[in-house]
Amino acid sequence: MAGKIGELLLRPDAFFRRLVEEPENLKIPALIVIGGAIIYAVSAYLTSGLTFKIFGNVPEMASMAPILGIFGAVVAFFTFIILFWLIFSGAFYLISMAFSGSGEFKRTLQCSGYGLIPVIIGSLLSLLISLYYIPMIQVPVLTNIQDPAAIEAAIQQLMQDTAFSELRLITSIISIIFLIWSANLWIFGLKHARNLPLKQAAIAVFIPVVVYIIFILYMAVAGIPGMGGT
Amino acid sequence: MKRAILLLSSILALVLLVPGAAAQEPGSDAAAQVTVTSLSLEPGIFFEGDTGIITIEITNNGFESVAIRRATMYDADISVLSSSYDTTTTVGAGNSMQFSFTVKADVLPGIYYPKFSLDFRDAGYLRYPVQLRVENDPLEISILDKPDTFGAGRKDRVDILVGNPRDNPVTGVVVHVSGEGIDATPSSYFIGNLNPDQAQRVSFNITPKQPSVLEFRVDYKNGVNSHATSVAVPIEFGVSKTEANPLLSNIVVDYQDGRYVLTGDIYNAGLEVANSVVLAAGGEAVPVDPYQSYVVGSLEPDDFSSFELTFTAENITEVPIVVSYRDVDGNPFEKTYTVSIPARTSGSTKEPGIALPIIGVIIASAAVIGGAIWYSWKKR
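If you're matching them up, the sequences are chains A and B in order.
The first sequence: position 108 = 108 (the numbering used here), numbered continuously.
The second sequence: position 299 = 1299 (the numbering used here), numbered continuously.
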């Protein structure tokens, strides 16, 4: 298994060439994606915990905080599966259709799933860095939720916290770096899954990836946590 | 002839029936010219038990001197403390003479008539009843104005009215204020003379330290007799229905640069103005610059102001915010609100700048990934 992963990461062309010769099987890609979704969910739970600390002293919100944290984790879990697997695979498949690519969508899903391993490694690294940074984040505390301006000011203060800002920047950089690695794998995966020339496979992969990188950078600047890999 | 004798007898009988009919004796004509011309009582109206002086002046209106053997006063109820005038003396023609008697009214309220008696040496005597009234009506004290409730250390004004319902003036009227733990300004007030049906308004500033009983005592004199009357006002602490009521809301606590920054709004939800409003962090919190305390100033009813406080705190989750203010009279008030603060983490402040190990991890990751990508393209 380790050898296969090593081949996937270092010689993806050979890995996917051999993979497409085998029958389509989504079992392993699904496990990879679920593993990544779990890491993503844990990261989201930790990050949402910061937001709920703001309302920790509001009686109406105190009992709801754990429930909302779990809800955020569940949303993040399915977001990972839908965004990184289904939407990216769908985008690859649709764009490759413009290049007259052939091959089943299931094969594209299979190759995309394998290609998510770098993203999962990046998410794990981001999670570890989050565990280091979160205790240093100073969370403003609200005592009531009657004033929207006060809530906005508190969230703004959280966003301007030095540790939180650095965490957002670091996780965004890590996400982009590992997403580029995944994109590299997806190029070779799409090449074999859709029988495309390497150049056209690269174009089909880079269009959605670049769009997502722009999205990550925008979120890092705008300050919405949880979308940059943590 | 019978008719003339009958007329003479009638005239003689009339002459005999006239009081002080000393005309039959030598000098009786001269004594008949002595009359009481002046009478004074001090005090004009006695209290029960009062001592006073009755002064009687007689005048000889005739053309001859009149010898007086004795002058005295007596009554079954009124005690006459002074002695009689027992020395024989003479009142010259057209002259006056005064006689003073000290009396004590150990009697129930009412009207009494002690009698002045003047015995002539060469004639009969002169009787003169003196009207002496005894009434027990004291000065009246009315509470005109006082606060609904008092507060510890709070200065409130109490107005009283001192009135004289008697028919004679009283003198030396002084109002004294007393009570345990009560600071009064002025401590006493001198009114002086109070004529009948006259009243005097007096104001006192009362600052109680504890629930107590405030006593207003009025000392005065009726003649030479000291009297006092008093009224008690219970001092009970409570919340005034109209007093200023500062409330805090919209509290946000943040930890920045090694200190807590607390921002919020303060509202005056009362019906009176709150002056000199100052906020500060109390308890174990240590105020630090730039906002060790925040001076809001004056807050009108229904008005509000934003404020900001900076402080440091160790190992506590709640900080008392002390709001001190004064009412229009300058009475100090203080209210304390507890505000929760976020627990400080072990990391406390985060110095700006990404840690070198993390930068190293990012660079190493980028290098490894770059190498992997390069390798994947080279070794296809």
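Just so you know, the hints here were simulated from the structure itself, not pulled from any lab data.
Check each hint, because a few of them may be wrong.
To be verified - Here are the simulated SDA-like cross-link-like pairs (lysine to any residue), alpha carbons at most 20 Å apart as the crow flies:
| hint | chain 1 | residue 1 | chain 2 | residue 2 |
| --- | --- | --- | --- | --- |
| 1 | B | Lys1378 | A | Pro197 |
| 2 | B | Lys1378 | A | Gly35 |
| 3 | A | Lys199 | B | Arg1127 |
Stated by the list, open to error - Beyond 10 Å from chain A on every Cβ pair, some chain B residues (computed):
| hint | residue |
| --- | --- |
| 4 | Leu1041 |
| 5 | Gly1153 |
| 6 | Gln1256 |
| 7 | Ala1366 |
| 8 | Ser1376 |
Glycine residues also receive a C-beta, built at the ideal position from the N, C-alpha and C atoms.
Hint compliance check: list the failing hint numbers for this structure, sorted ascending. Per hint list: 2, 3, 6, 7 and 8 violated.
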